Amino acid sequence: MRLSFPNTKRTTSQMPEQVPRKARVSIAEHIPPTVLCALTLALSAVPIYTLFHAFIAYPGAIHDELLRPGRPMLLLRSLLIALLIASLASLIALPIARVLIARSTRARTMLSGLLLCPIWLPPFMIYAAGNLLRAPDTLLGRALIDYATSDPDHRWVTIWAGYAIAVLGLALWAAPVAGVLIAAGLGSRSNLYDEMLALEPIGRLKRIIFQLRLQRGVIIRAIALITVLMLGSAVPLHLAQLDTWSIVTWRQLTETPPADWGRIWVSALPMLIAAAIGARLIARMLSDTNAQHDPGSRKPEASKAAMLIAVLIFIGAVLIPLVSMFFSLDDPRSITQFWRVNAGAVRDTGGTSLCVGLTVTLIALLSANAFVSPIRAHRRVAHVSLMTLCIIGLTPGVLLGAAIARHGVLGLDLPLLAPYWASLTRFAFVGCIIGAIGAASETPDRRSARVQIAGPSLRAWCITVLPTLARPLLATLAIATLLALFEIEAAVMVTPPGIENLPQQILSDLHYARLEQLSAAGVNLMSMGAIVAVIASIFMTRGFQSSRSGN
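Oh and the sequence shown: position 176 is 240 in this note's numbering, straight run, nothing missing.
Keep in mind the hints are simulated off the structure, nothing from the lab. Keep in mind it's a predicted model, so treat the numbers as computed, not measured. Backbone N, C-alpha and C define an ideal beta-carbon position, used for all residues, glycine too. Each hint should be verified, as a subset may be incorrect.
[Stated by the list, open to error] Between beta-carbon pairs, the in silico distance windows are:
{"id": "1", "residue 1": "E580", "residue 2": "L139", "range": "36 to 42 Å"}
{"id": "2", "residue 1": "V387", "residue 2": "L148", "range": "24 to 30 Å"}
{"id": "3", "residue 1": "L105", "residue 2": "R523", "range": "23 to 29 Å"}
{"id": "4", "residue 1": "T173", "residue 2": "S512", "range": "27 to 33 Å"}
{"id": "5", "residue 1": "L204", "residue 2": "S512", "range": "58 to 64 Å"}
{"id": "6", "residue 1": "V405", "residue 2": "A323", "range": "33 to 39 Å"}
{"id": "7", "residue 1": "R277", "residue 2": "T173", "range": "26 to 32 Å"}
{"id": "8", "residue 1": "R344", "residue 2": "G414", "range": "32 to 38 Å"}
{"id": "9", "residue 1": "P136", "residue 2": "F390", "range": "43 to 49 Å"}
{"id": "10", "residue 1": "P136", "residue 2": "W224", "range": "22 to 28 Å"}
{"id": "11", "residue 1": "V375", "residue 2": "H117", "range": "48 to 54 Å"}
{"id": "12", "residue 1": "D324", "residue 2": "D395", "range": "43 to 49 Å"}
{"id": "13", "residue 1": "D509", "residue 2": "H127", "range": "55 to 61 Å"}
{"id": "14", "residue 1": "L276", "residue 2": "I379", "range": "23 to 29 Å"}
Put together the whole structure using the sequences plus the hints.
Here is the structure:
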């Protein structure tokens, strides 16, 4: 993130009380960036070693795996599927972005919390609910079966219905992410064109087309980043048997002995390149959002149409899956039975997830300090950590899980620690991004005043800035815990025997269509997760707003 710092080289005369204190760097100032650097190196060590070892051990795998027949078409199909999901998500996200950049009110803050909620919930639950809605005993299911069985040429309908549910489910889940990306671009530009456009006597359709043309750069960037996100292994596509490059990689890992996993890492090179591109897009977005901020722009009011559409998106992504799972239960007592049957899995996975949440919150805190450090080397560490952790986080989870399962935690055989380390490796980048946003929420004027009055020391930062980040940091703890709780791809690769894993149990229910158990798990986890996610999103939104305004 491009951050502004006071110019300490100015020699203009100042009153004694206005003269900045001489910067004295103590050992304490080096602690946050040093710990952040150590965590980044530790989390990236095994994936980087695995990648280089794979290329050295299998020098011919690039030709054998990437250029063999069928691979170019598989890559093209993967790109098209990811692009389709990203385009749908970005189209759905336009009203979400309008609400997110609207003038801050209590109602708008509450609605923003609702809209951000689906990001922290598992996308496979939306897919599972969609499949319940097309069950044979439903109106939609009977219609599909009647049409598919009316003619042998119509059998493709049920298969493509599964594909459509997976694509639409992922688009609904990714829409809030795209909304945040679009809002980040729209919120930093002047509203001059919007005011001029409002005075023009043109039709609604032309007005919408003109606005889309003005916003095309922001929308294209959102589509590109969501495409990268979807290229990573997505459980709904795996369950719908819609083959993409990452799904094929997942299948190869399960069919290949661990000693030969290096070849699969080489074959996943396109996914790693996509992850690097995505990390660059994230870093560029954070930089542009702060650099292009127009202090003279006024935030518009959210239109009633945009708010209504945004509420409908929340209903489709959260409430409809929750309600459909509840009404699909044969016995409501299955909801309480879930906690008795899965007590061990909830305990083990919940404890691991909480530890991941605490560590991700620590990374957010360290990043927030390092990004605004007056020492250039500290800021460089923060930028490199952001890029590195984003690349790792956007890498398919099954690859990270396979690397840790094969080479251990930092090369050590620690099976009980592996689930924690795998989830932390996947989601550490979330803490780094939130830390960067928190650093940028301190305006240059406030930062300059802080340095002049209290000095650039770590103690001064903790006294003046840290209290304003309390709510975002609490939200980070809840968000990271939820993400780790619902993580499947890396968890299934590293969970040792004897450790009960909740996501693995849910994946088994999805695979074998154990609808009663799946619906009970969905009602419990979706309701609990939705409540926590909404509260955390509101904390995050209000925290950054108050930090930016100085309240």
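The hints, checked one at a time:
At roughly 39 Å, the beta-carbon separation of E580 and L139 lies within the given 36 to 42 Å, and the hint holds. A beta carbon spacing of about 27 Å between V387 and L148 agrees with the range 24 to 30 Å that was offered as a hint. As the Cβ distance of L105 to R523 is approximately 27 Å, the hint placing it in 23 to 29 Å holds. Checked against the given bound of 27 to 33 Å, the beta carbons of T173 and S512, roughly 28 Å apart, stay inside it.
For L204 and S512, the Cβ-Cβ distance of about 60 Å falls inside the hinted range of 58 to 64 Å, so the restraint holds. At about 36 Å, the CB distance of V405 to A323 agrees with the hint of 33 to 39 Å. Restraint check, R277 to T173: a C-beta distance of roughly 30 Å satisfies the suggested window 26 to 32 Å. A hinted range of 32 to 38 Å for the beta carbons of R344 and G414 is consistent with their spacing of about 35 Å.
Checked against the hint of 43 to 49 Å, the C-beta distance between P136 and F390 comes to roughly 45 Å, which is consistent with it. Checking the proposed 22 to 28 Å range against P136 and W224 shows it holds: the Cβ atoms sit about 24 Å from each other. For the hinted restraint 48 to 54 Å between V375 and H117, the CB-CB distance of approximately 50 Å keeps it satisfied. The hint said 43 to 49 Å for the Cβ distance between D324 and D395, and at roughly 46 Å that hint holds.
Checked against the hint of 55 to 61 Å, the C-beta distance between D509 and H127 comes to roughly 57 Å, which is consistent with it. In this structure the hint that L276 and I379 lie 23 to 29 Å apart at CB holds, the actual value being about 25 Å.
Consistency with the previously given hints is maintained throughout, with no hint failing.
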